[in-house]
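The primary structure of each chain is shown beneath.
There are 2 protein chains.
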Amino acid sequence: MALQPVPLEKFYRLLNHGPTVMVSAKHGGVENVMSAAWSCVLDFYPNPKVTLVLDKAAYTRSLVEGSGYFALQVPFANQAATVIAMGQSRKDNPNKLADNGIELFYQSDADIPLVKGCSAYILCKLIPEPHNQQTHDLFIGQVIAAYADDRVFRNGHWEFDEVGDELKNLHYVAGGQFYITGKGVNVKSDMPF
Amino acid sequence: MALQPVPLEKFYRLLNHGPTVMVSAKHGGVENVMSAAWSCVLDFYPNPKVTLVLDKAAYTRSLVEGSGYFALQVPFANQAATVIAMGQSRKDNPNKLADNGIELFYQSDADIPLVKGCSAYILCKLIPEPHNQQTHDLFIGQVIAAYADDRVFRNGHWEFDEVGDELKNLHYVAGGQFYITGKGVNVKSDMPF
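Sequences listed follow chains A and B, in order.
Read in order, the letters of the first sequence correspond to residues 1 to 193 in full-length UniProt numbering.
Read in order, the letters of the second sequence correspond to residues 1 to 193 in full-length UniProt numbering.
It should be emphasised that the hints constitute simulated quantities derived from the structure, not laboratory data.
One or more hints might be untrue.
Which copy? The list can't say, so a pair holds if one copy fits it or any two copies do.
Mimicking DSS-like on lysine-lysine, the simulated pairs with C-alpha atoms at most 30 Å apart in a straight line are [to be verified]:
hint, residue 1, residue 2
1, 96, 125
2, 183, 96
3, 188, 96
4, 183, 91
5, 188, 116
6, 10, 125
7, 188, 125
8, 10, 183
9, 183, 56
10, 183, 125
11, 116, 183
All chains, please: the whole structure from these sequences, using the hints.
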């Protein structure tokens, strides 16, 4: 495998199918990762944006607010236990990354920690919106870079039909229950999105 | 099949796995339906909310702004061609509902049109947020009711592993290409969401 840059024109395809993500951020030398089911594309290039819901109880929220940056990573199905483990708060276990064998890395010159072994990464700069953050726990990010694992995403397309279930994505429901991404279906279309 | 009410405590499970939705609304006697890949849960009960992105070019946007109500419906995989057809704007084809055999119905006493034959329905009252709507094309809805088809959603749980592919959900990528919902995976968890 190799991580390849994804043009910002195509970043939305990394999230469009509604995968569960893990959110990462760093501030004051502290790195953290949390799972999130509630993240979504907000706009296309030339204004690529995402939304992300961060509860006031989430430790990662303070890192996002402090640094003004975060990343979304799209885990593989074989990371389901990691996604559940990252649903635990760092407030309850300050060693949750080490205890769960999470390895972080940094890509290009962005100071945003990324979790090794995911299918795709979307790096974002927070667009401060104090009303949304306070009233709705809603954060908006400007996408500044994106990467994907070329085993599953090539030339702007997911290739899930060519890989085993372990390399598909996760779609969280509740109570530790996910669905993995299923079969591809193509309907001829000139839809703009 | 029978459409059953979904308690508002459980409505988020209808969207958590990231399905593509169709948005419906009515104003001034005009009903419309459009497809949308960008909708997401924003909060749990007792404050159940969703986000929805509606481009300024979308006809349905004017109906949502005018009436203050909309519904999200989660189509079955066998409705993929309908989802693509509803991606066409009513501005380009004022007869798009009739031309595509869309049948609408109304549930309980809400004056929001719903598309027959979908797996789940989330009825929403717009929470006006002029800045979000103008700057980000972002709409926030308070969930007022939810329903699901009991062939696939029972007692608060999707039962996709028990049905054929045609009764799974759709996850849109781009260019007429979807993935359908795949196999269930369960990781023991005490995650709060």
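Consistency of the hints with the structure:
| no. | hint | result |
| --- | --- | --- |
| 1 | 96 with 125 | within (25 Å within a copy, 39 Å between copies) |
| 2 | 183 with 96 | between (34 Å within a copy, 28 Å between copies) |
| 3 | 188 with 96 | between (46 Å within a copy, 17 Å between copies) |
| 4 | 183 with 91 | neither (39 Å within a copy, 33 Å between copies) |
| 5 | 188 with 116 | between (36 Å within a copy, 23 Å between copies) |
| 6 | 10 with 125 | within (18 Å within a copy, 32 Å between copies) |
| 7 | 188 with 125 | neither (35 Å within a copy, 34 Å between copies) |
| 8 | 10 with 183 | both (21 Å within a copy, 27 Å between copies) |
| 9 | 183 with 56 | neither (37 Å within a copy, 33 Å between copies) |
| 10 | 183 with 125 | neither (33 Å within a copy, 34 Å between copies) |
| 11 | 116 with 183 | both (26 Å within a copy, 24 Å between copies) |
Against the hints set out earlier in the document, violations occur for numbers 4, 7, 9 and 10.
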